[in-house]
Amino acid sequence: RSKQWYQRRVREEAKFPSDYLERVKTTHEKGGYGSTGYDYDWKVVEAQKNILRTHTTAVSARMLYKIAQQPEFKPVKMFSIDRVFRNETLDATHLAEFHQIEGVVADRNLNLGHLIGILHTFFKKLGIEKLKFKPAYNPYTEPSMEIFSYHEGLKKWVEIGNSGIFRPEMLLPMGLPADVNVIAWGLSLERPTMIKCGINNIRELIGPKVNLNMVQDFPICRVNKA
Amino acid sequence: MPTISVTRDVLYERLGKTFTDEDFEDECFDFGIELDDIVEENNVVKFKIDIPANRYDLLCVEGLSRAMNVFRDRMIVPKFTVVPGKEKLIVDDSVSGVRPYCVAAVLRDMKFTEESYNSFILLQDKLHQNIGRERSLVSIGTHDLDTIQGPFTYQALAPEQIKFQPLNQDSVMTAPEMFEKFRQTYLKPYLQIIEGKPLYPLITDANGVVLSLPPIINGEHSKITLDTKNVFIEVTACDRAKCRIVIDTICSMFSEYCSTPFTCESVTVESSSGSVQTPPMKYQTMECNAAQLCTKGGITGLTPDSVADHLTKMFLPSKAVGEQVTVEIGPTRHDVLHQCDVEEDLAIAYGYNNITEQVPNLNTIGAEQECNKLSDAIREELARAGFTEVLTFSLCSRDDISTSLRNGKALEEAVQIANPKSNEFQVVRTSLLPGILKTASCNRKMPLPLKLFEVSDVVFKSEDTETGSKNQRKICALFSGKTSGFEVVHGLLDRIMLSLSETNYSIRASEESMFFTGRGADILLGTEKIGHLGILHPEVLENFEISLPCSVLEMSLEPFV
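Here the protein sequences come in this chain order: A and B. According to the working numbering, the first sequence is numbered sequentially starting from 1. According to the working numbering, the second sequence is numbered sequentially starting from 1.
Hints in this document: simulated from the structure, not taken from any laboratory. Errors might be hidden in some of the hints.
[To be verified] Straight-line alpha carbon distances no greater than 30 Å define the calculated BS3-like cross-link-like pairs of lysine-lysine that follow:
hint, chain 1, residue 1, chain 2, residue 2
1, B, Lys445, A, Lys196
2, A, Lys155, B, Lys17
3, A, Lys130, A, Lys196
4, A, Lys209, B, Lys470
5, B, Lys373, A, Lys74
Bound conformation, chain B alone (with noise of 0.2 Å):
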């Protein structure tokens, strides 16, 4: 979830009131956001605030107190206005293969100070990270209307034939030159959203100034400062409906800086489907029954009239007409999907701590799977029989289960991980061997001999399931002492087929390079092996770092469910 970073006194001060910080955490916690941590920087204290993913009006100091001075009727919810601007943005057919989507709008009339100013720019990094998906899906340029001229021109071009100068750089420079230099910079992640592809979007003005290069930099030329009274922005995309909520989401944020608070201008974007007025800041209605209302939240004793006013205080304005309520939904809850969000929304208002609770009055007759019932009562049986029970993990390295274990062949039937983030996960063990072994090493100061269990699943690849894997519960037991200790793991396979009361088994030799050589035997069920057991060989223990001898028994308990 995102975390934003607000300072406490500006963010008080929009509150009109001071809190204690534990008073502070508890009105985070009614509200739904959590403060993460208190820190100081620059003498300057800071609250880092845990967001809800979906609340993207909640990513500013802006929205963020704006919506808590609401949730405790500090202050009644603001409607945003559009008012029809003269500028004129123009999408070429050419970006469809890159970055098909273009919004645009224009606040009049701002008055930045350096607190709203680096606001700003937070919430369009805050955007990008999290709904822009690291400005993948969507990103955001900002400009000083003042200092170019409409109309706007959205294209792809060639990546030699862009030439300007990027933000913070001294010299012009084409896309190519400047990919090299910020390669070594924090640009360097969002190059390959567009390296490598034919044309790279691209926004102009009328007369060739270059406002941006989506999604990598801004130009030079229209950078907003302190000073700048009237703010151009673009919001480029690859998915249309994030797009939207973006900039909604600035304009609904920033706007209260306008000269007339709330008020945007629209731009008029125009492509080969049509000609439309952008921001959409549109406003829903959902007309539901109070009742209704009321009752996913466990709710009682509430008026249509106390509804509307409960929905009201979560931004969501509100109005009862007898058992109806018509619920305002505006360009700041583009989290509102379905009535659930309303009745959320609602019981957060009454306070989930308010909510009085009930036990389901349903009687249902409750049962264990038989696979894991089955396997507690095994492991009830080899603790008994004096091992002690291991928990491993069950991603490995290829070596752990293949030519650490002296089996060429374990590979062909593991499940192997696209995206190991170090070598202890590339694959899913097919084998609890590495995990009782890597334990035995971990454990040599232990009293001999050392006597270890589990009973766990493994993973094979498969054809016959929709994942192309399957899980298989096996029992593994490991004996380490003074001697080799073949005659104890062979008495633990009598017991514990005595346990499974089977008798229609048996063992015979097995050629498998993992054994000493005719210390190995394959268990058989029937005609069918499930499973083995025998000495290790000494390559093996020295793959483990394991210096004793050991033996070992390892079978499937599929055959027993």
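Here chain A stands alone, though its shape is the one from the complex (with noise of 0.2 Å):
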């Protein structure tokens, strides 16, 4: 029933910093930084366990245990755009492997009325300037919330990305400073461009069947004009 592919080869002692384990398995099991953790018995067998990434959220966490590392904190913004694999039922609008877009902005003090601001602008560079917000839940975000855009031809709200702050439990055993707050947001890329461009199959614009004639006739994009 998993959603995620499984590399074949397990490697026994992957090359994790144990100090940073040690605190990980800590959270989860006891709690810690505030948190009541989850009581459970935290495997490292299945973090161990080597997988296509289901969202790039797991690179961003890499990289921001990499800035955690440096002597001084420096506020950072950075941005993704890579693939990324669900092993669930495919259909029209659904592929095993597509393409993320994800925002982070760490720096002290941030909070979700940052959030909400810096979603307005991007989101208005996509010529997309009424938005919503719900809401929502991710384990590894807290508040978090759905970012909903009003569809002139649908004539209805239409669901467009997901975002929120970082829980601190994700955070402080990097070593992240307590008043540093991460924001990040994320959208798939395939599913605008469909909703862009009036494209019903995904096959149509990712893989071999898509039609050549229409790669060649497209014309430039402006994403930022209806």
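Starting from the two chains in their separate frames, assemble the complex, guided by the hints.
Structure follows, in structure tokens:
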């Protein structure tokens, strides 16, 4: 029932930084940093399993850890647009692999107001101005917000992304200062493209069945124009 | 995320008002749930509502309506009490190897209606599926207490020793017999949770009557009917925290139907590690600074009293004392782990869409990763040379990278998938060729010559990385037409090297069976092979269902990054 793709070879001694591993394990098992934790037996064997990533947040976490190892914290803004993998049922709008866009801002004292502000700025560049935010749940963000935009053609609010502020249990074991908040948001690349270009089947956009005439004849994509 | 099905009219009755579909959608939006679908089953309108995965208290109409009523000040947060009961459950050490944890509770003097009875079953299903991880971590058994007699025993026995009449069956069976029968039913997926273990878990009463064989099936003897007044709940688990969460959830959701609403009775659970009263139904308090609670949400202008009122609306009864707020976290809110969970609830009550937007006051200098910057530049060059870009899948079949390309050794360096859903997803590609060849095959009606390219990652096994694998950015180009076009891909190679300001490269004859004999070449950067080009062997063309000659070029971009 797993949503993940497992790589066949599982290595027994993965090279995790041992002090970081201890902090992560303790936070899950007993809590810490103001959290009650999950109160279960965290297993390193699970952490060692190599999988094809289901979201690029896995890589953002690595980047944040690297930033936390620097002697002095410097605020960052990072983005990535890259491939992710899901072991789910395939249909007209779902493939086993697709692309995610992710943005991350790490600075002292960021809050939801900043996240909402940067989301408005980001989506305006994509020609989307009318946004609404809905409470959501991700295990690694709290608060979390789903982002909805009003689609003039479909005459309804459509979900276009997910966002939130990373949980202290994720950031503090990395060694980031306590007043550093990390806001992040993500969306898929294919879905908004399909909506914008009026494409109904995702296989017309990625994979061998893409119509090459479409690729050759497609006009310049002016995302900020309606 | 879990989806629950609630009868619209039952929900509206409990909310004390009706909504238009659009208004109810908006109500759900503000609260943080989503009305996914409206269906009609047997002339009854049902709402399918998406619930956040960490909100076990919203998984039935009872909990959902209560929370929505409190959210809109239509109801006060109920206080749940546990009165000491006289029932006892003994946990034998024999269960430690199969399903170690067990807790129990009693709901006294219940009044079921058909609606609430169905809701009771549905909640157990949802808890089984979600927090119970399809019963593997937690499972629930509910029983008519008046048909059984304590003290109860939870122990593990050899399968052949287990003999009882399972729910909805008309004869007594041994556990092995039951398993054979259930293999043909909806219970099949749960059998493997305990099958093969030397001992199976079992709950029995003082007279040896079997209540249940967790996590598979309850006994027919103690089954609950619409007339049941006193309910005995047992929860068994492999995870102690989830075990407690599940029993707290059932008790807090359904104790409203007891003659003393929101009261449940404890059961003494005795084991070799001591004696405890369950269900826990604990209350925690969190002392927070009101202003500090507002900062994460970017909320301004709330007094501590307002903060307390907002939190109370979220089922977190709170009181302001000076600048501090004391927040009560009860047994319906196991999702609260840290102050940030309370901060989120405050922001929800305040309304995310009421928060003033600000842009982070942060100046940074942006840049692209060199590999991606170079890849984009190369893509431009290739397009200018008249090649059309393709974007193909990184997962493919084992054959795609090996036998179809006449390359027997490819699988040795490829990352293989342990659980492929089909043979389209057996390996991660080590070459861009299969994707580009499949594209050529699907587009055979295009005017000739066909000129395609892709600049993307492939993946190889690696000893040097934590993940055991390493990505490599490659360039791949294909020419297909009435002629083979070797000179075209060779010219393209020269063009690419010119664009990269590289002169220290050469080609030499290749032995690879992928190419037509004598028509394949290795690309060398200095003395190191970084790619190859040539006319494809007819067998390769046949494997990919291409009828015209093709020349290809594939090389790594990594040395130039």
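Verification of the supplied hints:
no.: 1; hint: B/Lys445 x A/Lys196; verdict: holds, 27 Å
no.: 2; hint: A/Lys155 x B/Lys17; verdict: holds, 27 Å
no.: 3; hint: A/Lys130 x A/Lys196; verdict: holds, 15 Å
no.: 4; hint: A/Lys209 x B/Lys470; verdict: holds, 28 Å
no.: 5; hint: B/Lys373 x A/Lys74; verdict: holds, 24 Å
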